[in-house]
Structure formats: structure tokens, C-alpha cells
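A.B. asks: In the order they appear, the protein sequences are chains Z and Y. Under the numbering used here, the first residue of the first sequence is numbered 1, with each subsequent residue one higher. Under the numbering used here, the first residue of the second sequence is numbered 289, with each subsequent residue one higher.
Don't read these hints as lab results, they were simulated from the structure. Honestly, I wouldn't trust all of these hints.
As the list claims (entries may be wrong) - Listed next, the in silico SDA-like pairs over lysine to any residue satisfying Cα-Cα at most 20 Å (straight line):
hint, chain 1, residue 1, chain 2, residue 2
1, Y, Lys418, Z, Thr133
2, Y, Lys324, Y, Tyr515
3, Y, Lys508, Y, Leu303
4, Y, Lys418, Z, Lys69
5, Y, Lys324, Z, Lys69
6, Z, Lys69, Z, Ala238
7, Z, Lys253, Y, Lys324
This one's a predicted model, so the numbers in the text were calculated from it and none came from an experiment.
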Amino acid sequence: MSRRSPGERSGPWPHLLLTWPAAALLVLFVVPLGAMVAVSFFERSVASFFEPGFVLENYVRALTPFNLKRLGVSLGLALLATLICVLVAVPFTYLLTRLPRRRQVPYLVLVLATLSLSEVVAAFAWSLLLSRTSGVSNLFVWLGLMQSPTSWSPGFMAVLLGFVFIALPLTILLLYPPVSRLDNELVEAAGTMGASPLRAFRTVVVPVLRRAIAGSTALVFIFVLGAYVIPQTLGRPAQWTLPVHITDQAILKSNLPLGAALAMVLLAASSVVALVIVALGGRERRLK
Amino acid sequence: MRGAAVWLRRVFMLLVPLYLLAPIVVILGVSLNERKVLFFPPQGLSLAWYREFFVDPAWSQPAINSLVIALFAGLVAISIALPLAYAAWRYRVRYARLLVGLGLAPFALPPVITALGALVLWILLQSYGKPYSVVLSHGVFLTTLPLATITLGLQTLKPELVEAARTMGAAGGTVFRTVILPHIRPYVIAGFTFAFVLSLNEYIIAYMTVGFTVETLPVKIFNSLRYGYSPVMAAISFLFFLVAVVLFGIVGRVGDLPRLLGADAPE
Numbered sequence: 001m002s003r004r005s006p007g008e009r010s011g012p013w014p015h016l017l018l019t020w021p022a023a024a025l026l027v028l029f030v031v032p033l034g035a036m037v038a039v040s041f042f043e044r045s046v047a048s049f050f051e052p053g054f055v056l057e058n059y060v061r062a063l064t065p066f067n068l069k070r071l072g073v074s075l076g077l078a079l080l081a082t083l084i085c086v087l088v089a090v091p092f093t094y095l096l097t098r099l100p101r102r103r104q105v106p107y108l109v110l111v112l113a114t115l116s117l118s119e120v121v122a123a124f125a126w127s128l129l130l131s132r133t134s135g136v137s138n139l140f141v142w143l144g145l146m147q148s149p150t151s152w153s154p155g156f157m158a159v160l161l162g163f164v165f166i167a168l169p170l171t172i173l174l175l176y177p178p179v180s181r182l183d184n185e186l187v188e189a190a191g192t193m194g195a196s197p198l199r200a201f202r203t204v205v206v207p208v209l210r211r212a213i214a215g216s217t218a219l220v221f222i223f224v225l226g227a228y229v230i231p232q233t234l235g236r237p238a239q240w241t242l243p244v245h246i247t248d249q250a251i252l253k254s255n256l257p258l259g260a261a262l263a264m265v266l267l268a269a270s271s272v273v274a275l276v277i278v279a280l281g282g283r284e285r286r287l288k
Numbered sequence: 289m290r291g292a293a294v295w296l297r298r299v300f301m302l303l304v305p306l307y308l309l310a311p312i313v314v315i316l317g318v319s320l321n322e323r324k325v326l327f328f329p330p331q332g333l334s335l336a337w338y339r340e341f342f343v344d345p346a347w348s349q350p351a352i353n354s355l356v357i358a359l360f361a362g363l364v365a366i367s368i369a370l371p372l373a374y375a376a377w378r379y380r381v382r383y384a385r386l387l388v389g390l391g392l393a394p395f396a397l398p399p400v401i402t403a404l405g406a407l408v409l410w411i412l413l414q415s416y417g418k419p420y421s422v423v424l425s426h427g428v429f430l431t432t433l434p435l436a437t438i439t440l441g442l443q444t445l446k447p448e449l450v451e452a453a454r455t456m457g458a459a460g461g462t463v464f465r466t467v468i469l470p471h472i473r474p475y476v477i478a479g480f481t482f483a484f485v486l487s488l489n490e491y492i493i494a495y496m497t498v499g500f501t502v503e504t505l506p507v508k509i510f511n512s513l514r515y516g517y518s519p520v521m522a523a524i525s526f527l528f529f530l531v532a533v534v535l536f537g538i539v540g541r542v543g544d545l546p547r548l549l550g551a552d553a554p555e
């Protein structure tokens with residue numbers, strides 16, 4: 001690696017360079033998280049967002065059966081959406097990276113464009129796609145598969161489709177570097193030894209990428225779990241996830257301390273699940 | 289068996305883009321309706337809703353807000369990512385590595401939590417609702433992207449190149465200007481583009497920091513969803529997609545997109 005050569009003096013340069021990044025990250029990223037922890041113990045105040053103090057009431061309210069059920073719904077929906085994303089993205093990314101680089105570009109542009117698409121736009125577009133007047137059900141009617149057009153949004157399927165839509169491009173992009181760097185010779189060797197492409201994919205490609213897949217899965221899961229607009233817009237109250245209630249408390253019900261406590265519960269749950277996923281990926285596996 | 293693999297490949301390479309494009313096709317269709325209806329396929333063809341977006345200040349003002357915020361947020365993101373990635377790569381400073389980890393961390397948090405943290409911070413600093421609050425919060429949140437691309441760029445820089453320049457007597461500043469910067473420039477531009485486009489589209493942080501003072505376009509669309517849908521919202525949504533395709537298309541045209549996204553192994 002190109003670290004500085006021995007004997008070269010770096011002097012004050014690195015510290016000068018790092019002053020602004022360090023200050024920005026500390027003040028704008030670390031402090032807010034710390035402050036949020038503090039606020040989760042504060043008392044509610046309608047006049048000034050919160051009143052400094054130390055009460056556990058917010059956590060008592062955050063852990064009521066109602067909120068725990070919301071947490072369960074959030075985790076379940078996020079896990080299901082993540083699972084679908086990974087099951088689609090792993091083979092897709094593999095096939096994509098086996099194309100010549102030039103032919104990959106249009107796919108990558110599409111993936112980047114949908115990745116960056118606002119969650120608001122995604123929610124709006126899917127609510128149209130699943131609506132009665134402009135939705136796919138009209139296509140099914142035209143094809144003779146259905147009697148009359150219906151609306152599928154809001155509902156469970158709408159939320160799931162929306163989640164997969166916003167998370168699939170992220171999954172593909174996270175998997176792209178490790179899958180691209182995968183040595184083609186490995187697969188060819190499997191082929192020479194008589195494995196079909198499908199079998200080579202299952203027995204060579206997936207095991208080699210196990211750790212990368214687990215890492216990407218954890219990040220995608222966290223991303224889906226933290227989404228607000230999709231469940232709020234495409235879901236019925238039964239599918240409203242914890243972020244919907246966090247935002248609701250923090251902004252509309254002026255109960256920032258409870259919002260912060262709920263956020264801590266969400267953070268704790270997401271960290272545990274993410275760590276489990278990474279652990280399932282295990283250590284680097286060598287080929288037998 | 290080989291037949292099955294070929295067939296599967298075709299299905300995947302067709303169905304995934306189709307799934308990603310289906311909602312886009314519908315918003316495009318709905319945006320072309322002649323009257324204020326949400327039919328797909330559209331009834332009559334008209335670009336009136338695109339015109340409304342550009343001439344109605346209720347829509348164009350949030351668009352301008354979003355563009356200005358995204359531009360400055362992108363610059364903030366680069367201002368953090370570039371010195372950080374460079375210092376971590378160039379110097380053996382222990383806390384630089386730590387800071388890189390910190391810079392990559394925002395993407396390992398549920399978005400709603402980052403947004404709530406920003407809300408609490410700006411309330412404490414008595415700057416809740418101030419325009420610069422969203423610029424700085426976006427900048428730090430999105431710095432992950434240029435940090436990732438620039439780090440990648442530095443990793444793919446051949447060490448011999450830097451070594452050669454130094455051996456031939458080039459000073460640190462000259463090496464940076466003549467060897468390192470030209471190599472990482474596309475990665476910086478790509479990182480800025482990612483941050484810019486994502487800031488333009490970001491909803492929850494913008495809503496929690498300046499939702500009631502500076503309306504960004506995603507916030508405006510979301511607020512309007514409650515009062516009923518209009519084809520103008522479909523027009524704007526399609527424009528969002530178009531802007532992203534054009535910008536990333538340019539990046540892909542000028543630079544080597546697979547490389548910028550990490551297709552090459554580090555040197």
C-alpha cells in the first residue's frame with residue numbers, strides 16, 4: 001500500500017487536514033446521537049420540545065405491548081423485504097458483472113437512478129401503479145385475467161413492493177464491488193469439472209461471497225427498517241412501522257422524548273439483528 | 289442444464305429492470321393526462337403539467353430550495369470526504385482510520401434515527417428550521433458516498449506512480465496536484481453527484497430539520513399527497529427520475545462507471 005515512505009516527515013499536515021472532517025463528524029453526527037440518548041430520558045414539554053431531567057417514563061411508554069407489536073411488525077416487514085432483495089440481487093448482480101463493462105453501464109445508470117429516487121416519489125409511484133384508475137390491475141383486466149380493476153394500495157403487499165423497490169438498487173450496489181472482483185476462473189474451473197452454471201453459482205459463487213452477502217444484507221435491513229414514507233403512504237395502520245410512530249411522536253404530537261426513546265428501541269433492535277446477520281455470514285470461508 | 293441457466297439469465301436481466309421501471313412508466317403516463325385525472329394509459333396527451341411545475345411558484349420555489357440545498361450539501365460532503373480520505377490514505381495517523389469509520393457510519397443507521405438526531409441537535413443549538421441546518425446535516429449524512437468513492441479511487445492508484453514522482457523530486461503538494469488529483473478527480477465528481485442527487489431526493493432529514501420553514505420538493509410532494517393526487521406530482525416525480533438518469537448517464541459517459549462503483553480490486 002502507498003503509505004508514506006519511511007523517514008518522510010508528515011509534520012502538522014495530517015492534523016490540519018483532519019480538523020474540519022473531525023469537527024464536522026463529531027458535532028453533526030456523534031453529538032446528535034448522544035443528545036438523542038439524553039433526550040430519551042428528558043421530560044416532555046409542549047412549549048420547548050423537552051425539559052431536561054431524568055425520567056424512565058419514556059421507555060416505559062416505548063415498551064408497551066402496542067409499541068412492541070409495532071416493533072415486531074417493523075422487524076418482520078424489513079426482514080422479509082431484505083430477504084427478497086438479497087435473493088434477487090445476488091444472482092442479478094452476478095449476471096450483471098459477467099457482462100462486458102460497456103454493457104453494464106445502462107443497467108448501472110438505472111440502478112443508481114432508482115436508488116436515488118426519493119422515497120416520496122417511490123411511494124407515490126407505487127400507489128399509482130397499484131391504484132384502480134391507473135394501476136396494473138387494468139392491464140390484467142385487458143389481458144382477461146381479471147374481471148374488473150381493483151386497488152391494492154394501501155396494504156401489506158403495497159408496503160412490501162415499495163420496500164423492495166427502494167432497497168433492491170442498494171442491495172445491488174453494495175454487492176457490486178465484491179461480486180465484480182470475483183475471479184472468473186473459479187467458476188470456469190467448476191465448469192471444467194462438470195458443474196452446470198447453476199450448480200457452480202450455488203456451490204462456488206455464493207459460498208465465496210458469503211461474508212459480503214451477509215454484510216450487504218445487514219445494511220439493507222437497517223435501511224429498510226428506518227424507512228418512514230413507504231409504510232406511512234402505502235400501508236394501512238396495521239403496517240405502520242416504528243419510524244412512522246417515531247416521526248408521529250416527534251413532530252406531530254410534540255413528544256420528542258418519547259420519539260427519542262422509541263428511536264433507541266429501534267436502534268437496539270436493528271443493531272442486534274444486524275449483528276446476527278453478520279455473524280451468520282461467518283468468517284472468510286475457504287473452498288474445499 | 290445449460291439451457292436452464294441461459295433462460296434464467298434472460299429472465300433476471302429482463303425482470304429486474306422491468307420491476308424498477310414499471311412505476312416510472314406509470315408516473316410518466318399519468319403526467320401526460322390532458323385533464324386533472326390520474327388515468328393510465330393517459331387520456332389525451334399534454335405537457336401542461338410540466339409547464340405548471342415550472343411556472344407555478346408553489347412548485348418551482350421548493351424546486352429551487354432543493355437545488356440550492358443539494359448543491360451546498362454536496363460541497364459540504366466533499367469538503368469532509370476529500371481531506372479525510374486523503375489523510376487516511378497518505379499518513380499513518382491512527383485517528384484518521386477511526387474518522388473514516390465514523391464517516392461511513394451514517395449509512396449503518398436507520399435513516400429515521402439520523403433525522404431525529406439532527407432534529408435534536410438543531411433544537412439544542414437553537415437553529416431549528418434554519419436553512420443551513422439541513423445543508424450541514426445532509427452534508428454529513430451523505431459524506432459517506434464521496435468518502436467511499438474517493439477512498440476507492442486512492443486504493444486503485446498505483447503506488448509506483450506516486451513513488452516515481454517522489455523519487456524524481458516532486459514535493460508533496462506537487463505530487464498531489466499532478467499525480468493524485470488527476471487520478472481521483474472522476475471519483476470526486478462521482479461522489480459529489482451521488483451526494484447531490486441523494487440530497488435532492490432526501491425526505492426525512494429535510495422534514496425534521498426545516499420541514500416547516502424551507503419546503504424542499506420531496507417535502508412539498510409528501511404534503512400534497514394528503515390533499516389528493518394531481519398529474520403535476522407525477523410530472524415532478526418523472527423529472528426527478530430524469531435528472532438522476534441524465535446526471536448518472538453523464539458520469540457513465542465521461543467516466544468508467546463500473547470502475548467508479550468498485551469493480552476493480554485495490555492495488
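A.B. asks: Hint compliance check: list the failing hint numbers for this structure, sorted ascending.
C.D. replies: 1, 3, 4, 5, 7
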